[in-house]
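Heads up: the sequence lines are chains A and B, in that order. Following the UniProt record's numbering, the numbering of the first sequence begins with 1 at its first residue and continues without gaps. Following the UniProt record's numbering, the numbering of the second sequence begins with 1 at its first residue and continues without gaps.
Read the hints as simulated data drawn from the structure, not as lab findings. Cβ atoms here follow ideal geometry from the backbone N, Cα and C, with glycine treated the same way. Check before you lean on any hint, since a few could be wrong.
[Stated by the list, open to error] Derived list of chain A stretches under chain B, where covered just means 3 residues or more per stretch with a C-beta under 8 Å from a C-beta of chain B:
1. 181 to 190
2. 238 to 251
[To be verified] Partial chain A-side listing against chain B, Cβ under 8 Å, derived:
3. T118
4. L119
5. R171
Number of protein chains: 2
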Amino acid sequence: MSITANDPNRKTWLDIPENTDFPIQNIPFGVFLTRDDIITIGTRIGDYAIDLGALHQLGYFDGIPLTDDIFLQDTLNDFISDGKKTWRLVRNRIAEIFDIKNTTLKENQDHKTIVLFTLDEIEMQLPVLVGDYTDFYSSKEHATNVGTMFRDPDNALLPNWLHIPVGYHGRSSSIIPSGIPVHRPQGQTLPNGATEPVFGPSRLVDFELEMAFITTDANALGEPIPIEEAEDYIFGLVLFNDWSARDIQKWEYVPLGPFLAKNFASSVSPWIVTLDALEPFRTEGPKPEKPLLPYLKSKGKKSFDIKLEVALQPEGGEETTLAHSNFKYMYWNMSQQLAHHTINGCPVNSGDMMGSGTISGPTPDSYGSMLELSWRGEKPIKLMDGSERKFVEDNDTVIMRGYCESQGRRIGFGEVKTKLLPVFQPKKK
Amino acid sequence: MSITANDPNRKTWLDIPENTDFPIQNIPFGVFLTRDDIITIGTRIGDYAIDLGALHQLGYFDGIPLTDDIFLQDTLNDFISDGKKTWRLVRNRIAEIFDIKNTTLKENQDHKTIVLFTLDEIEMQLPVLVGDYTDFYSSKEHATNVGTMFRDPDNALLPNWLHIPVGYHGRSSSIIPSGIPVHRPQGQTLPNGATEPVFGPSRLVDFELEMAFITTDANALGEPIPIEEAEDYIFGLVLFNDWSARDIQKWEYVPLGPFLAKNFASSVSPWIVTLDALEPFRTEGPKPEKPLLPYLKSKGKKSFDIKLEVALQPEGGEETTLAHSNFKYMYWNMSQQLAHHTINGCPVNSGDMMGSGTISGPTPDSYGSMLELSWRGEKPIKLMDGSERKFVEDNDTVIMRGYCESQGRRIGFGEVKTKLLPVFQPKKK
Numbered sequence: 001m002s003i004t005a006n007d008p009n010r011k012t013w014l015d016i017p018e019n020t021d022f023p024i025q026n027i028p029f030g031v032f033l034t035r036d037d038i039i040t041i042g043t044r045i046g047d048y049a050i051d052l053g054a055l056h057q058l059g060y061f062d063g064i065p066l067t068d069d070i071f072l073q074d075t076l077n078d079f080i081s082d083g084k085k086t087w088r089l090v091r092n093r094i095a096e097i098f099d100i101k102n103t104t105l106k107e108n109q110d111h112k113t114i115v116l117f118t119l120d121e122i123e124m125q126l127p128v129l130v131g132d133y134t135d136f137y138s139s140k141e142h143a144t145n146v147g148t149m150f151r152d153p154d155n156a157l158l159p160n161w162l163h164i165p166v167g168y169h170g171r172s173s174s175i176i177p178s179g180i181p182v183h184r185p186q187g188q189t190l191p192n193g194a195t196e197p198v199f200g201p202s203r204l205v206d207f208e209l210e211m212a213f214i215t216t217d218a219n220a221l222g223e224p225i226p227i228e229e230a231e232d233y234i235f236g237l238v239l240f241n242d243w244s245a246r247d248i249q250k251w252e253y254v255p256l257g258p259f260l261a262k263n264f265a266s267s268v269s270p271w272i273v274t275l276d277a278l279e280p281f282r283t284e285g286p287k288p289e290k291p292l293l294p295y296l297k298s299k300g301k302k303s304f305d306i307k308l309e310v311a312l313q314p315e316g317g318e319e320t321t322l323a324h325s326n327f328k329y330m331y332w333n334m335s336q337q338l339a340h341h342t343i344n345g346c347p348v349n350s351g352d353m354m355g356s357g358t359i360s361g362p363t364p365d366s367y368g369s370m371l372e373l374s375w376r377g378e379k380p381i382k383l384m385d386g387s388e389r390k391f392v393e394d395n396d397t398v399i400m401r402g403y404c405e406s407q408g409r410r411i412g413f414g415e416v417k418t419k420l421l422p423v424f425q426p427k428k429k
Numbered sequence: 001m002s003i004t005a006n007d008p009n010r011k012t013w014l015d016i017p018e019n020t021d022f023p024i025q026n027i028p029f030g031v032f033l034t035r036d037d038i039i040t041i042g043t044r045i046g047d048y049a050i051d052l053g054a055l056h057q058l059g060y061f062d063g064i065p066l067t068d069d070i071f072l073q074d075t076l077n078d079f080i081s082d083g084k085k086t087w088r089l090v091r092n093r094i095a096e097i098f099d100i101k102n103t104t105l106k107e108n109q110d111h112k113t114i115v116l117f118t119l120d121e122i123e124m125q126l127p128v129l130v131g132d133y134t135d136f137y138s139s140k141e142h143a144t145n146v147g148t149m150f151r152d153p154d155n156a157l158l159p160n161w162l163h164i165p166v167g168y169h170g171r172s173s174s175i176i177p178s179g180i181p182v183h184r185p186q187g188q189t190l191p192n193g194a195t196e197p198v199f200g201p202s203r204l205v206d207f208e209l210e211m212a213f214i215t216t217d218a219n220a221l222g223e224p225i226p227i228e229e230a231e232d233y234i235f236g237l238v239l240f241n242d243w244s245a246r247d248i249q250k251w252e253y254v255p256l257g258p259f260l261a262k263n264f265a266s267s268v269s270p271w272i273v274t275l276d277a278l279e280p281f282r283t284e285g286p287k288p289e290k291p292l293l294p295y296l297k298s299k300g301k302k303s304f305d306i307k308l309e310v311a312l313q314p315e316g317g318e319e320t321t322l323a324h325s326n327f328k329y330m331y332w333n334m335s336q337q338l339a340h341h342t343i344n345g346c347p348v349n350s351g352d353m354m355g356s357g358t359i360s361g362p363t364p365d366s367y368g369s370m371l372e373l374s375w376r377g378e379k380p381i382k383l384m385d386g387s388e389r390k391f392v393e394d395n396d397t398v399i400m401r402g403y404c405e406s407q408g409r410r411i412g413f414g415e416v417k418t419k420l421l422p423v424f425q426p427k428k429k
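The following block holds chain A by itself, in its conformation from the complex (with noise of 0.2 Å):
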């Protein structure tokens, strides 16, 4: 089926900002609450959110096999089940409708009061219920800092990393949208040259410059996914912080791999962006250095232009944008990771978000974290108001950004953007 959403000649009849990352052919996916407390399952074009569930009672989705409360949810899985038919038939047909040719909800005053919002009449959700979490490292680059930092510079990547998309199981409980403040973690460090533990507030927060992907129903038990049939399954994406605790890490992390370190939170930013709506953007991914086994021999452009951006901003100051880096950067692709996930039967679902890791460029302005930005406090990064950072300070807000962009055309993801709130302090009883 074509997927007529992304002819890039086609211009809305609503009234959009210049160069937005969600322009008419983005119609991306999120789940808001409305002016009237009601949740729905929306898409945004330019600074309007669309509420679907109104558009679908009111009959704009006829001929499209849909369940009639299919939008009137407080997740996308049950869509999202729906399988990649349907969201090709439904982003066909939200671009139809709001076509600056099609003046059937344009002229239509009552229908437009119900179905559009401005921004500032939503509130944002979490847009999947995420049954599991799976976070990749597959940054070759990071995978390469890290190693040197922490291990052996001289053998700073593992030998199984360059046959093995690594991964590792998260936390779905603490993924959490964008604009939901998180507290500093505490918890058990061991101070240098020290013997034992000592328990405090974490004193090296980070972020993690990521993307994750959202699956639709797989497989069943037992039944691996070829690889070339891995994007079938692949929803969106979304941007992804990663939040992670450093000195905790380094002291619980063997031998069964980061827990608190990382469970404390991960923010998502709110709109799902379709692989649909990537499909202009999409290109090689490194080569592979070492043979691959065939379960992750993947052919053709497997990756994706996508220009990523981290910005940090103290309370009440301006934001200093500390790095660039890029989708394309990563080593193993979506289709290998899913492969590879699922090579020994792993069930993958509705809503599975998977992580693609922290993606470092090549260039020490590339790197996605502030453990390698400022290697590991060694460096301090200096900000717009003078003030440094080795990591992140109590109420400073950090923010994500990314787009694909390319002759004219541009398709964004928003941004997630969340304030680290000092340690939590438990209300007298």
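Fit chain B to the given chain A structure using the hints.
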């Protein structure tokens, strides 16, 4: 509120086997499919499964604050969210309904036909929707055995082990109830002496004898659970077989922990035995060998004397019991695990599952995995039929059982029984 359901002198009017795991003092909770293909929440007394949805509709829970459909669900999550007070009211009421002195249901043949099922009339389901699954590593004997085999016999325990209830996130989507067979996983392994990995079926498939506890909604993002409150948030326990592929694990697990070696399946016993039912079997755990940080200091008897055993049954053959262990061997108790898990503010929700890690005892006949029992294959285990096992073979069935017993009282978990099938063969298209 007193737990009258635990009255040791109570007898039931139901005809139940002597020495059953499920006397009227147990009253576990599970989910089953009835002969009429209806999903309901139920309990078990002797070899009867009891439809709580039907009991509630018939008015037997009048006076207890429950929503009408609380038991007419395909998971226990909402009931568990109702909290400890409600669980107690319901267990106490069930005990009254089936008390030998109570003739109300006993003499109502119509009601009994609706409410009571024999075990062959029902099909047990997974009792909860597992939002997040964490696996701890809390048996010192197991951690020591594994450290001795894979790292350094002189420093078998890693430096953090006596300070932290080490744990990691597992995969929720592959948690399955007893009776569902599991395919031998395929994956990458590094043969001894090789420098490049190979692909194929795992040759070292293993079980892990564990238990898991199930939580209720415990805390908001950012908010730790104090250790003295931890048990308020524990609904109950199940037997837990954490299937493992040792050869895949060895190659993949550095530095982020086990992934595909574990996430192909974990099998649970279908009846959740409540923490309340286990009250009479409280016991002290091992004494801490290092001073604990205050947030991990627990008071009183926080462990439970639960006898565990694991058996292996070859295709068509008889069972061989491989090991006897006990939940009380765990160095870290559940309160410590939950306090640690949330000390950084990680939110815990209803239906979350927390595995103990393999529970090995002090003697070689109490080890909880084939890895330890056969000492990584060096000491093959003789089965009743004369054959030998180093690890689990295709078409072997692994059976785990657990029960508390003291002074003539017994509260049991039944069993978790899982057959290992050969590698999955894709259907020809």
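| query | Residue count check for the stretch 238 to 251 of chain A against chain B: does it reach three with CB-CB under 8 Å? | reply | holds (count 3)
| Against chain B, is R171/A within 8 Å by beta-carbon distance? | At 6 Å from the nearest chain B Cβ, R171/A passes the 8 Å test, so the hint holds.
| task | Report holds or violated for chain B covering the stretch 181 to 190 of chain A, Cβ cut-off 8 Å, minimum 3 residues. | result | With 7 residues in contact (Cβ-Cβ under 8 Å with chain B), the coverage given for the stretch 181 to 190 of chain A holds.
| query | Taking the least C-beta to C-beta distance, is L119/A closer than 8 Å to chain B? | reply | With a minimum Cβ separation of about 24 Å from chain B (threshold 8 Å), the hint on L119/A is violated.
| task | Would you check whether T118/A satisfies its interface hint, that is, whether its CB is within less than 8 Å of any CB in chain B? | result | T118/A check fails; min Cβ-Cβ to chain B is 28 Å, beyond 8 Å.
Going down the numbered hints, you'll see the structure goes against 3 and 4, while the others check out.
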